[in-house]
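A.B. asks: Residue strings, one per chain:
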Amino acid sequence: MAGKELDGFHFEQMHGKDRVRVARVWRARDGRHFMVEWNVSISLFSDCIAAYVRDDNSDIVATDTMKNTVYAKAKECTEQLSVEDFAILLAKHFTSFYSQVSGAIVKIVEKPWERVYIDGQPHEHGFKLGSEKHTVEVFVKKSGAVKLVSGIEELSVLKTTKSGFEGFIRDKYTALPETRERILATEVTASWRFPDISAVQLKMPNLHFLPVNISSKDNPAIVKFNDDVFLPTDDPHGSIQASLSHFWSRM
Amino acid sequence: MNPYVGHPNPLKEGQELFRKGLLSEAILALEAEVLKNPNNSEGWRLLGIAHAENDDDQQAIAAMMKAEEADPTNLEVLLALGVSHTNELEQAAALRYLYGWLHHHPKYKALTSLETPESFYHADVARLYNDAAEMSPEDADVHIVLGVLYNLSREYDRAIASFQTALKLKPHDYSLWNKLGATQANSVQSADAILAYQRALDLKPNYVRAWANMGISYANQGMYEDSIRYYVRALAMNPKADNAWQYLRISLR
Numbered sequence: 001m002a003g004k005e006l007d008g009f010h011f012e013q014m015h016g017k018d019r020v021r022v023a024r025v026w027r028a029r030d031g032r033h034f035m036v037e038w039n040v041s042i043s044l045f046s047d048c049i050a051a052y053v054r055d056d057n058s059d060i061v062a063t064d065t066m067k068n069t070v071y072a073k074a075k076e077c078t079e080q081l082s083v084e085d086f087a088i089l090l091a092k093h094f095t096s097f098y099s100q101v102s103g104a105i106v107k108i109v110e111k112p113w114e115r116v117y118i119d120g121q122p123h124e125h126g127f128k129l130g131s132e133k134h135t136v137e138v139f140v141k142k143s144g145a146v147k148l149v150s151g152i153e154e155l156s157v158l159k160t161t162k163s164g165f166e167g168f169i170r171d172k173y174t175a176l177p178e179t180r181e182r183i184l185a186t187e188v189t190a191s192w193r194f195p196d197i198s199a200v201q202l203k204m205p206n207l208h209f210l211p212v213n214i215s216s217k218d219n220p221a222i223v224k225f226n227d228d229v230f231l232p233t234d235d236p237h238g239s240i241q242a243s244l245s246h247f248w249s250r251m
Numbered sequence: 001m002n003p004y005v006g007h008p009n010p011l012k013e014g015q016e017l018f019r020k021g022l023l024s025e026a027i028l029a030l031e032a033e034v035l036k037n038p039n040n041s042e043g044w045r046l047l048g049i050a051h052a053e054n055d056d057d058q059q060a061i062a063a064m065m066k067a068e069e070a071d072p073t074n075l076e077v078l079l080a081l082g083v084s085h086t087n088e089l090e091q092a093a094a095l096r097y098l099y100g101w102l103h104h105h106p107k108y109k110a111l112t113s114l115e116t117p118e119s120f121y122h123a124d125v126a127r128l129y130n131d132a133a134e135m136s137p138e139d140a141d142v143h144i145v146l147g148v149l150y151n152l153s154r155e156y157d158r159a160i161a162s163f164q165t166a167l168k169l170k171p172h173d174y175s176l177w178n179k180l181g182a183t184q185a186n187s188v189q190s191a192d193a194i195l196a197y198q199r200a201l202d203l204k205p206n207y208v209r210a211w212a213n214m215g216i217s218y219a220n221q222g223m224y225e226d227s228i229r230y231y232v233r234a235l236a237m238n239p240k241a242d243n244a245w246q247y248l249r250i251s252l253r
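So the sequences go chain by chain: A and B.
Per the working numbering, the very first residue in the first sequence carries number 1; after that it's consecutive.
Per the working numbering, the very first residue in the second sequence carries number 1; after that it's consecutive.
Next comes chain A alone, as it looks inside the complex (with noise of 0.2 Å):
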């Protein structure tokens, strides 16, 4: 966003609320609930360099105004909507209402609520809590135009055979033997720019288990690792990100 000049100093700012926690339900005639539980991040960009300079807060949208406008938006959604069409929504109201708006960061965090299924059926209004959360980026300039990044976070998965690492860098600091049988697990967290998935960004740390040796003097034996008995880990753990993008060329 295009920033001021202010005494030779170039000025920028946002503000907003965050971790606005909003839950909506939609009743339909058939007698099934649906539901959602939403976690909403807001940043505005505006023009109100004169709170920052003058004491003079006639521009500023008061961050609970934004609270409020979250479920007064969420209220008025009568038929049920995707996190991403109220992201939109919620971010194209606030570059229109407020002159003084020109852009609007809206980030929502979806946990995943999922029906409950009673003997094969889907239950009506039963829910329980599933595993990946749902995540959503929204940047809308008052001209119209949006810019959206879809993802999931908290994906976890693991694999208990079929996974090496070998090949690696061996130097003077390297301890670490090659392995061609280990479990591999990971939390997953994706995000790809929406609709036209054209960046890719993956984020996956490695949950390390590590084989279990326990020996004493004694007892060379207590326990003896085979692919069998692990130590899962928390920290230190490997890091591994990856992009991919592809422009879209226009007609």
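Be aware that one or more of the hints could be misleading.
[What the hints assert, rightly or not] Keeping only pairs whose Cα atoms sit at most 35 Å apart, straight-line, the calculated DSBU-like set for lysine-lysine is: (1) B:LYS20 with A:LYS141; (2) A:LYS142 with B:LYS20; (3) A:LYS107 with A:LYS17; (4) A:LYS141 with B:LYS12; (5) B:LYS20 with A:LYS92; (6) A:LYS4 with B:LYS36; (7) A:LYS147 with B:LYS240; (8) A:LYS73 with A:LYS162; (9) B:LYS12 with A:LYS17; (10) B:LYS204 with A:LYS141; (11) B:LYS170 with A:LYS142; (12) B:LYS240 with A:LYS203; (13) A:LYS159 with A:LYS67; (14) A:LYS224 with A:LYS172.
[As the list claims (entries may be wrong)] Negatives, chain A to chain B, calculated, CB over 12 Å: (15) ARG21; (16) VAL22; (17) ARG115; (18) SER245.
Derived by calculation from the structure, the hints in this document are not laboratory data.
Note that beta-carbon positions come from the ideal geometry of N, C-alpha and C, so glycine has one too.
Position chain B against the provided structure of chain A, taking the given hints into account.
C.D. replies: Leaving out everything else, chain B in the frame of chain A:
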């Protein structure tokens, strides 16, 4: 301060600047024109075209929608709106405008129904256009719209075939060469895309969009040094080309 505000005939000035390939200057003149004559659909239309060629679909759409307001049956406007919305991946809007092209065309309106439906299925619109193409295989414009339609549905081979048919009929249409190139680029045929963009630039050397697209196709082949040169050319002509700045940043990394 727009130097063309107060000019006696900013539309004529804008048309001349556009003809000379000075897109950013033409835009200023045309903005002065529409300020003076807000209902001049030709002023809005040319402004929209200039923005699109300057690689700004958002501004192009804004101007083109004003043109459509002033003249809802203008076929060039409807096509341009269809193309820009396709570029912005807004399928529903693109289909509406591309259907509108057929619906308002004196020769093909009979193929469409009397009422305009609420929403459009891609397959239905594509079928109507194929009927039109059968009716008039020599009409390049029908093939052009078909090409845009197939881009929407990512049927790139069909889109390429349609644009190539159109090019046989209109080989000097620089915008058509760019459409072919963009389609080839999006279907990972970067080398072919570059050849098409080169033809577009031979015909219109200051075609900012084609310069930016060239950069993309070099970058997609991993030739980042080359891509930078093309992005910089585009930005020299239009410093406001946000997309080109973004691509340049990535190539520089």
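A.B. asks: Hint by hint, note whether the structure agrees.
C.D. replies: Hints and how they fare:
1. B:LYS20 with A:LYS141: Holds, because 33 Å separates the two Cα atoms, which is no more than 35 Å.
2. A:LYS142 with B:LYS20: Holds. LYS142 (chain A) to LYS20 (chain B) sits at ~33 Å (cutoff 35 Å).
3. A:LYS107 with A:LYS17: 10 Å, holds
4. A:LYS141 with B:LYS12: 33 Å, holds
5. B:LYS20 with A:LYS92: With a Cα-Cα distance of about 39 Å, the restraint between LYS20 (chain B) and LYS92 (chain A) is violated, given a limit of 35 Å.
6. A:LYS4 with B:LYS36: Since the Cα atoms of LYS4 (chain A) and LYS36 (chain B) sit roughly 31 Å apart, the hinted pair holds (cutoff 35 Å).
7. A:LYS147 with B:LYS240: Holds, at about 18 Å.
8. A:LYS73 with A:LYS162: This hinted pair is violated, its Cα atoms lying about 49 Å apart.
9. B:LYS12 with A:LYS17: 51 Å, violated
10. B:LYS204 with A:LYS141: 32 Å, holds
11. B:LYS170 with A:LYS142: 39 Å, violated
12. B:LYS240 with A:LYS203: 33 Å, holds
13. A:LYS159 with A:LYS67: 42 Å, violated
14. A:LYS224 with A:LYS172: 28 Å, holds
15. ARG21: 32 Å, holds
16. VAL22: 28 Å, holds
17. ARG115: Check passes; 29 Å lies beyond 12 Å.
18. SER245: 7 Å, violated
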